[in-house]
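Mapping of the sequence shown onto numbering that gives the first Met the number 0: position 405 corresponds to residue 404, and the numbering continues sequentially without gaps.
Treat the hints as calculated values from the structure; they're not laboratory data. Here the structure is a predicted model, which is why all the values come from computation and not from measurement. Just so you know, nobody snuck in bad clues.
Here are the computed distance ranges between Cβ atoms for each label pair: (1) T264 with S368: 22 to 32 Å; (2) G38 with S391: 51 to 61 Å; (3) P284 with V263: 29 to 39 Å.
Ideal Cβ placement from N, Cα and C applies to all residues, glycine included.
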Amino acid sequence: MSGDADSTRASAATDGGDPPLVDVRGVTVGYGDDPVLSGVSLSVERGELVGIVGPNGAGKTTLIKAINGVLDPGEGRVLVDGDDVHDLSSRAASRRVATVPQDTTVAFEFPVEAVVEMGRTPYHGRVRRDPDAAEAVERALDRTETTRFRDRTVGSLSGGERQRVVLARALAQGTPALVLDEPTASLDINHQVRTLALVRELTREGKGALAAIHDLDLAARFCDRIAVLADGNLKAVGPPETVLTGERVAAAFDTAAAVVPSPVTGTPTVTPLPDGEAGRFADDPLRVHVTGTGRTAARAVAALAAAGATVTAGVFPAEGLAAAVAREHGVDPVVAPPFAPLDAGTEASAREQLGEADAAVLAGRAPPSVRALVRDHDALVRVTDAGGRVDSVDNASTVATASPATVVETVARVEGSRLPADD
0 MSGDADSTRA SAATDGGDPP LVDVRGVTVG YGDDPVLSGV SLSVERGELV
50 GIVGPNGAGK TTLIKAINGV LDPGEGRVLV DGDDVHDLSS RAASRRVATV
100 PQDTTVAFEF PVEAVVEMGR TPYHGRVRRD PDAAEAVERA LDRTETTRFR
150 DRTVGSLSGG ERQRVVLARA LAQGTPALVL DEPTASLDIN HQVRTLALVR
200 ELTREGKGAL AAIHDLDLAA RFCDRIAVLA DGNLKAVGPP ETVLTGERVA
250 AAFDTAAAVV PSPVTGTPTV TPLPDGEAGR FADDPLRVHV TGTGRTAARA
300 VAALAAAGAT VTAGVFPAEG LAAAVAREHG VDPVVAPPFA PLDAGTEASA
350 REQLGEADAA VLAGRAPPSV RALVRDHDAL VRVTDAGGRV DSVDNASTVA
400 TASPATVVET VARVEGSRLP ADD
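Sequences are here, hints too, so could you generate the full structure?
Here is the structure:
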């Protein structure tokens, strides 16, 4: 599968437009009789960062090796800047695509500066050295924030520091295309963000980049498009907000997940659900009413919907994240303008839904008028916000407290009859 976006790009190239920088066409790669990739088609344009996500063994590293010419496809072609990469000499291919591998081991104790300068190897002649090497190396060290390591041996660095040096080597190579295999795997949170921000900055300067990324939230935040690879096949390609859905994540990674927009970046965030929670209420539907605000309420709605509960919702702020996520899960929430008193009709609608609910969830912070709606429910769960805070509710008959990660389990416990017999 190539995805609609890639079909459009292929058509543009056929009609005389600029061809993609990287164009993978129907590639099948295997080891012996076992195919690792089956008919994969994918493109990368100049100016974009494409992320490859998928479970271990999906074929992400194999696809990268097919793109950089290390593996020869049994079927299909890989074009880089218009030419089949496997028809190019090693020197010519290395001037078009640079690789940041997953394994950053360097065989000998070279100084960091020498390792980065290895990226200029394709430009050295038999007699004359590359005149642009020094400038390219300085620029690469500076952009990866590794200048202070230049005189240290590569073996003296931590795994994360070595990862940045290998990225610097790829940048020094000066290619239009960049492929990266788990470039953030050994990095702390700070350098994960800075590394992907740098890669995205490079694409805005005209490069094209393709990166295998294990962190779905980071992929959604930094990639222009995401390709989901599973079982050697491309399952979906497109913008993060259309590709990263609970259904696709569940199918690719074999785990249920709640997917909600980040309140900070607006990009999808993925929360895997514990084993046993997906479809927990499917055979004996539980009706749960969720109220509250923000990401906490949004996560509660998504988790309970994934567990098979019949979810009603509100009162939510009319244009808030919780209301948007509720609608994405087929729930029509009761809404009101933020900070405004509840009118009689809004309050009546919420009370009617609460009256039919087996359990009520107060997720995150809520104004007193909303807290008053749920305080008398006989199976009430309060969910803490990101800071661990929870609103107090007076006169509740049954109150339990949960984190966003345990809301399904806690609702089942409070409602009582929904627990498995051996619990």
